[in-house]
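The chain contents come next:
Number of protein chains: 2
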Amino acid sequence: MILHNYFRSSTSTRLRAALNLKGLDYDYAAYPLKEGAHKSPEFLARNPAGLVPVLEIEDGTHIPQSLAIIEYLEEVHPETPLLPADPVGRARVRALAYMIACEIHPLNNLRVLKHLSAEFGADAEGQKAWFTKWVRETFDALETTLAGSAETGIYCHGDTPGLADVCLYAQVWNNQRFGIATGDWPTIARIFNALDALEPFAKAAPPNQPDSE
Amino acid sequence: MILHNYFRSSTSTRLRAALNLKGLDYDYAAYPLKEGAHKSPEFLARNPAGLVPVLEIEDGTHIPQSLAIIEYLEEVHPETPLLPADPVGRARVRALAYMIACEIHPLNNLRVLKHLSAEFGADAEGQKAWFTKWVRETFDALETTLAGSAETGIYCHGDTPGLADVCLYAQVWNNQRFGIATGDWPTIARIFNALDALEPFAKAAPPNQPDSE
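Chains as they are written, first to last, in the working numbering: chain D, 4 to 216; chain V, 4 to 216.
Worth double-checking, as some hints may not be accurate.
One copy or two, either will do: identical chains are not told apart, so a pair holds if it fits within one copy or between any two.
Lysine-lysine pairs mimicking PhoX-like chemistry, simulated, CA-CA at most 20 Å apart [stated by the list, open to error]:
| hint | residue 1 | residue 2 |
| --- | --- | --- |
| 1 | Lys37 | Lys131 |
| 2 | Lys206 | Lys25 |
| 3 | Lys117 | Lys42 |
| 4 | Lys136 | Lys42 |
| 5 | Lys37 | Lys117 |
These are computed hints drawn from the structure, not numbers from a lab.
Bound conformation, chain D alone:
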């Protein structure tokens, strides 16, 4: 398998953590977003949407969208499951993951921040305020949900790291780009620290990639 990705991309971090948790080996192909590598004809042939990550599997199929890839890995490599066994638990974990994947990340990625700057004149402070607003809005709700549920354990759902955790871990790393600490969200902070102590997560973190700067 070849992972087409970028060290700082938070969706890439999610996927690296999932691959590592499942103990799956992959080749690492880096696409420096700053240099527009994800808009090159070579990359667009892999994913017309021009977004990392893409997982190239053995038969040459290219799968885009980090959560689609992780669900695929869950189905073909069910050992070390990232979702619990019961449907209601699975729904809880997916909902936690989508809170981050659908409500924070899309609003805060590079293309949106650039557009905000080009069209609405957002400077560095304006970009930071935008980024922080969407993190805060969802992290406040996520904290309430996690802190108020008996199903929350060492990690987001019980004592086994899974799909919600890879999203949380990647988002907290992403927040650090704008200096957002986790202090206001004690449960999120506790879970992040527990995850960061696990080798599959630490190995997936942005600073530990071949293309890190």
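We have chain D already, so just place chain V on it with the hints.
Positioned in the frame of chain D, the structure of chain V alone reads:
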């Protein structure tokens, strides 16, 4: 089951289409977003994130996030599947769904348009330009992906409507709020028209809900 939702919410439309496709009955509870009903204490107790839809299932559990709900329904009501049987096909359908759910919808919902107006002074034209930009960016890629794949059939994946179709259908309806026609995307237009001719989809459309205005 009780569907806590709003007629015009595109994530609610997705879920209604999925419920209808599976032939599942539900009670309809409406939350007029314009009046802030999704921020009421009563609704926040159902979903601290203050977002529709939420599905309340028989045991009283409230499941948020439309795609988490649809995956749950797929697991507990596997008849009339919304995902194909093979893992690579499932990954393709999920990736198409997430292109819409993660790359268009989060950028264009009401809270974002309001914030853009409050913080960056976007007027009606500015909001429309923002909305259109993110639709166009992803619909261009979606059109390329759908038109270029032998796996695309009458619908997004073969000749059975599924998860990608409920997302596409809801997004095209949502686009109409800003007068975006599907003319530039012939494959998307063809699939939308095929879906709109199916009763489970037409029944899920915004104008056909009890709270429609």
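For each hint, the structure was consulted:
1. Taking the closest pair of Cα atoms, Lys37 and Lys131 come within 20 Å of each other only inside a single copy of the chain (18 Å); across copies the shortest separation is 28 Å, beyond that limit.
2. In the homo-oligomer, the alpha carbons of Lys206 and Lys25 lie at most 20 Å apart inside one protomer (13 Å), although the nearest pairing across protomers, at 42 Å, exceeds that limit.
3. In this assembly of identical chains, Lys117 and Lys42 lie within 20 Å of each other by CA distance solely inside one copy; the values are 15 Å within and 31 Å between copies.
4. For the identical chains of this complex, Lys136 and Lys42 are inter-copy neighbours only, at 17 Å across copies versus 28 Å inside a copy, given an alpha-carbon limit of 20 Å.
5. Proximity of Lys37 to Lys117 under the C-alpha cut-off of 20 Å is restricted to the intra-copy arrangement: shortest distance 11 Å within a copy versus 30 Å between copies.
Checked against the numbered hints given earlier, this structure breaks none of them.
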